[in-house]
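Student: Listed here are the chains, written in short residue letters.
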Amino acid sequence: MMANPNLQGTSVAAQPGSGEIRLVNVTKQFGNSYAVKDINLTIPHGSYCCLLGPSGCGKTTILRMIAGHETPTSGEIYIGDQMVVGKPPVERGTAMMFQSYALFPHLTIQDNVAFYLKMRGVGKEERRQRALEMLQRVQLDHLKDRMPAQLSGGQQQRVALARSLITNPKVLLLDEPLSALDEFLRLKMRGELKSLQNELGITFVHVTHTQPEAIALADMVVVMDTGRIDQADTANIIFDKPKTPYVARFMGGQNVLTGTVEKSGNGVLKLKAADGSIYETAHAASSAAAGSPLSVAVRRDRVSLKKGRGNGVNAVNSIAGIVDATEYQGSYVKVTINVASDVFVANVSDSAYFAEPVDTGDPVVANWKAEDVHVLSKVDSGVAADHGH
Amino acid sequence: MSASPSYGSRPWTFYVLAALFTLFVIFLYGPMIAVLILSFQGPSASLVFPLRDPSLMWFHELFSPRRTGDVAGAFNRSLPLALIVMFLTVLISVTAGFAFRRRFRGSTAIFYMAIASLIVPGLVLSIGILVTFRYLGLTASWWGSALGAHLSWALPFGLLIMFAVLGRLNPSYEEAAHDLGASRWQTVKDVVVPIVFPGMIAVALFGFTLSYDEFPRSWLTVGTKNTLPLEIWTMTTNVTSPALYALGTVTTIVSFAVIALALSSILIIQRKRSRGK
Amino acid sequence: MSPSNAASKSPLTTYLQVAPLMLVLLLFFAVPVALVVVVSFFRYQMLVGIVPDFTFRNYIDLFSNPTTWTLYLSTVKFTLITLAITFVLGFWIAYFLVFHVRSLLIAIGLFLVCTVPFWTSNIIRMISWRPVLGTEGLINSALIKAGVIDQPLQWLLYSDFSVVVAYVHLFTLFMIVPIFNSMARIDKSLLEAAVDAGATRWGVVWNVVLPLCKTGIALGALFVVTLVMGDFFVVTVMSGGLSGSATSGIFNDLQFLNYPRAAANAVILLIVVLLIAAAIFRLVDVRKELVR
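Residue numbers (my numbering), protein chains in the order written: chain A, 13 to 401; chain B, 730 to 1006; chain C, 21 to 312.
Bear in mind the hints are in silico, worked out from the structure with no lab data behind them.
Quantities reported herein were computed from a predicted structural model and do not represent experimental measurements.
The C-beta atom is built at its ideal place from N, Cα and C for all residues, glycine as well.
Hints may be right or wrong, so weigh each one.
What the hints assert, rightly or not - Calculated pairs, BS3-like style, for lysine-lysine (alpha carbon to alpha carbon, straight line, at most 27 angstroms):
#1 Lys275(A) to Lys390(A)
#2 Lys234(C) to Lys136(A)
#3 Lys156(A) to Lys208(C)
#4 Lys253(A) to Lys282(A)
#5 Lys156(A) to Lys97(C)
#6 Lys208(C) to Lys234(C)
#7 Lys208(C) to Lys182(A)
#8 Lys182(A) to Lys156(A)
#9 Lys130(A) to Lys234(C)
#10 Lys182(A) to Lys130(A)
#11 Lys206(A) to Lys156(A)
#12 Lys49(A) to Lys208(C)
#13 Lys234(C) to Lys97(C)
#14 Lys130(A) to Lys99(A)
#15 Lys284(A) to Lys253(A)
#16 Lys318(A) to Lys284(A)
#17 Lys282(A) to Lys390(A)
#18 Lys208(C) to Lys99(A)
#19 Lys206(A) to Lys253(A)
#20 Lys390(A) to Lys253(A)
#21 Lys255(A) to Lys282(A)
#22 Lys275(A) to Lys253(A)
#23 Lys381(A) to Lys253(A)
#24 Lys208(C) to Lys130(A)
As the list claims (entries may be wrong) - Just a sample of chain C residues kept apart from chain B, beta carbon distances all over 12 angstroms, derived:
#25 Arg77
#26 Tyr79
#27 Pro86
#28 Thr90
#29 Ala166
#30 Asp251
The following block holds chain A by itself, in its conformation from the complex (with noise of 0.2 angstroms):
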């Protein structure tokens, strides 16, 4: 999944004809409204980065101020060494894919693919050929002379794909390019993203507000929350080791926790939640004072479920609660368990589950291990919605 070795050393300088997207203090505001408020983001030449975050939170945004199609109200935007601001997409080595695709109507498939190439003036002759090899390498070749609405949806993304590359960018910008499709054609799209990815070893940036498309594609995801970027990791690292409640929420497979520091330190971190519950982690790196408040999260798929009320004493890593829904996935059983004051999810895989079923109504208490608890750098306000798969 982390096949790119470009993520783990931090940025070398830049070469000459690099894909490196370098952002720094850009904001953008649209009116009294800021888009995007002071992001930094560094994204590896030849990664494929995936900006990932709720409709409305900034991430087509920083896509379309990449591409040129808006200028930044201040900061600054480097493609390889050059900085782009003000510069027009043609010469940023850009090729942005979009959402709508954005074929034109009036042109036949391989008319569109050859505009870049008429737009430099290239002879009549020599483009149809060049647009037609590049339609060969997307499998379209056979429908040149078809117009944009004849073809499929499937068939659109290729063409538009086939017309970004035509300009032999550094860097393909891609917006929701798979929202379009349906489940079947998005699954294998996305392949095929990857696969080109890897083939052409260039830059990709790729909006999405579909978590497992961001998972199964990026080498570094970005997740964003209204113009802010809250972490920009690996898939991996986001997944497992979010930093802030809103990303372990966002990406969801995970349960937030809070409460005060009770004890820290020789490694392990004690919490006291308002209810009472103990939570210990194992390995807490976080120097958190005592009687500060902290949050931690657990793992859905790190919990298991016993049928009882327990013991009445608050036991360490456990919670009690009432079931409200199971959830049948497959693999697992989403579990649902209505607690004090919130709820809490457990994925118990499905031979668990059917070892010791639990129904609606039952009272359940999950326990987990004091190394699947894992601190967050920010204390949980809430306020989240719950994005749960």
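Once you've looked at the hints, dock chains B and C against the given chain A.
Tutor: Using the frame of chain A, we list chains B and C on its own:
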């Protein structure tokens, strides 16, 4: 949010085109404003600027038939005619618009006939209607032949507007109403008409103003009594006082009142819809 | 015009719904136009009037008369000039409103500002040029005051110039509306895609915007052509009777109650208009537009 506007600095073309647009608006309204001002000309009776001793005398003159012809009479014909045309245009183009939502034998022919009726020169049609009435042994009159002539021009407009409005009307509204037990008439009355009502106001506006201002199609078809545009036409040749401008001001004010009424009622409906009642 | 499968209406209902429209169109369009064609082959006799007959006399009269040709030539000239000016104005004004005005509400407001005069009287709008263009009009007195000229410009009013001014004033709207309509439907990302591909500002207009509003342009051109070709009144009022148009002949014949020749002239006018309309639609290739 994919097509959110770019708030970079405006390109130079913006300023060039903004200037062009401003000039065009001045070109469009400037002369009308000049006439408006000059209709208040004083007793000097000058047809050009400057405006001396502003007065309302030419408006009074307008409605005293001794010099300026039968303005009041013409107005009394033009207004009801425009209202009848408006009413019939709404009625006929709305019902026909619904018919066109489904394919039927002859739909293409009727559609092209409507388009042809739109582009045929008004004078040609005027002669045709006159000859037709003559052969039918009927006398041309504003409420007969002129009404038909106006309809032949207003209906295609109304039909095109209804196409645009109904094209955007999702058939599932009607299906939903049907599912919920509404009869066909209830569906039309309680679902369809309220939804397309702004479009119907637009059709009414076209019907009224096209008739109220129509000249070439009225010319041979009104018979012996003039409508307002014909009266103005006669005045252009024999009236050389600002009374002509005063008449222009009065008709323009009527037009603007109708436009304002139509546009503001559309606006109010849209606002109610977006805010809730 | 999407066919509704909502309530399965019987065809009878549908025909009842179009019946009023059909009736009006038949009675006030189809029959009159057909009669014009028929009458154009009738004979005209002084004092007697129309005599049913079948003669090409009226057409031969018209085609052998050099005045007819001069009048048509002059009308075609006005049509082409007006078409060129209204197209340039209409295209760029629509372009400005659609692609340069950032707020949709303001764009709609400005669009309405352009359309309101359409709903007011054409004759008044023509007359209103008199105090502006006349010998003592606003422009002449301003130019004299500014010292640019010392004699008023005579060609401002009652000339070909003022005729064109009036046509542009009256008919530009018919260009703006359809072009605005088709432009507003262009997906903005198409423009960005063209810019991505390295198209200049002008390249975007030429390669993307212009081809995509062909239908609107054709519709606008159709309106302008038929309105100018069929006009009699603007050219009479604004040229002060100095210029004629194709319809002047019709007007003259009608004064002498020579209906057959007026009808023949009307038929010729109708054919010319239809030919131009057909040519416009051929240029745009509407069928291709309809397929996609």
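Student: Next, verify each hint and record whether it holds.
Tutor: Hint check results:
1. A hinted pair counts as satisfied when its Cα atoms are at most 27 angstroms apart, and Lys275(A) with Lys390(A) qualifies at roughly 18 angstroms.
2. Note on Lys234(C) and Lys136(A): the hinted pairing holds, with a Cα-Cα distance of about 23 angstroms set against a maximum of 27 angstroms.
3. For the hint pairing Lys156(A) with Lys208(C), the CA-to-CA distance comes to about 24 angstroms; that is within 27 angstroms, so the pair holds.
4. Taking the CA atoms of Lys253(A) and Lys282(A), the gap is near 19 angstroms; set against the 27 angstroms cutoff, the hint holds.
5. Between Lys156(A) and Lys97(C) the CA atoms are separated by roughly 43 angstroms; this puts the pair beyond 27 angstroms, and the hint is violated.
6. Our distance criterion of 27 angstroms between C-alpha atoms is met by Lys208(C) and Lys234(C), whose separation comes to about 17 angstroms.
7. With a CA separation close to 24 angstroms, the supplied pair Lys208(C) and Lys182(A) stays within the 27 angstroms bound.
8. Proximity of Lys182(A) to Lys156(A) is assessed by CA-CA distance (about 26 angstroms); at most 27 angstroms being required, the pair is judged to hold.
9. For the hint linking Lys130(A) to Lys234(C), the alpha-carbon distance of about 21 angstroms falls within 27 angstroms, and the restraint holds.
10. Our distance criterion of 27 angstroms between C-alpha atoms is met by Lys182(A) and Lys130(A), whose separation comes to about 20 angstroms.
11. Taking the CA atoms of Lys206(A) and Lys156(A), the gap is about 25 angstroms. The hint holds against a cut of 27 angstroms.
12. Restraint check for Lys49(A) and Lys208(C): satisfied, since their Cα atoms lie roughly 25 angstroms apart, inside the 27 angstroms limit.
13. For the given pair, Lys234(C) sits about 23 angstroms from Lys97(C) by alpha-carbon distance, which is consistent with the 27 angstroms threshold.
14. In summary, the hint linking Lys130(A) to Lys99(A) is supported, as the alpha carbons are separated by about 21 angstroms, within the 27 angstroms threshold.
15. At roughly 21 angstroms between alpha-carbon atoms, Lys284(A) and Lys253(A) fall within 27 angstroms of each other, so this suggested pair holds.
16. With a CA separation close to 22 angstroms, the supplied pair Lys318(A) and Lys284(A) stays within the 27 angstroms bound.
17. Taking the CA atoms of Lys282(A) and Lys390(A), the gap is near 17 angstroms; set against the 27 angstroms cutoff, the hint holds.
18. Pair hint Lys208(C) plus Lys99(A) holds up; C-alpha atoms about 20 angstroms apart against a cutoff of 27 angstroms.
19. With a C-alpha separation of about 24 angstroms, the suggested pair Lys206(A) and Lys253(A) falls inside the 27 angstroms cut-off, and the hint holds.
20. Proposed proximity of Lys390(A) and Lys253(A) is supported: the alpha carbons are some 13 angstroms apart, at most 27 angstroms.
21. Proximity of Lys255(A) to Lys282(A) is assessed by CA-CA distance (about 19 angstroms); at most 27 angstroms being required, the pair is judged to hold.
22. A C-alpha spacing of about 22 angstroms is found between Lys275(A) and Lys253(A), which places the hinted pair at or below 27 angstroms, so the restraint holds.
23. Only pairs whose Cα atoms come within 27 angstroms are accepted, and Lys381(A) paired with Lys253(A) is accepted, the gap being roughly 16 angstroms.
24. For the suggested pair Lys208(C) and Lys130(A), the alpha carbons sit about 20 angstroms apart, so the restraint of at most 27 angstroms is met.
25. Every Cβ of chain B is farther than 12 angstroms from the Cβ of Arg77(C); the closest lies at roughly 18 angstroms, confirming the non-interface assignment.
26. At the 12 angstroms boundary, the C-beta of Tyr79(C) stays outside the reach of chain B, the nearest C-beta of that chain being 15 angstroms off.
27. The claim that Pro86(C) lies off the interface holds: its Cβ sits roughly 22 angstroms from the closest Cβ of chain B, which is beyond the 12 angstroms cut-off.
28. For Thr90(C), the shortest C-beta to C-beta distance to chain B comes to about 19 angstroms, beyond the 12 angstroms cut-off, and the non-interface label holds.
29. With a least CB separation of 15 angstroms from chain B, Ala166(C) remains clear of the 12 angstroms interface cut-off, as annotated.
30. Remark: the non-interface label on Asp251(C) conflicts with the geometry, its nearest Cβ contact in chain B lying 8 angstroms away (cut-off 12 angstroms).
Hint violations for this structure: numbers 5 and 30, all remaining hints satisfied.
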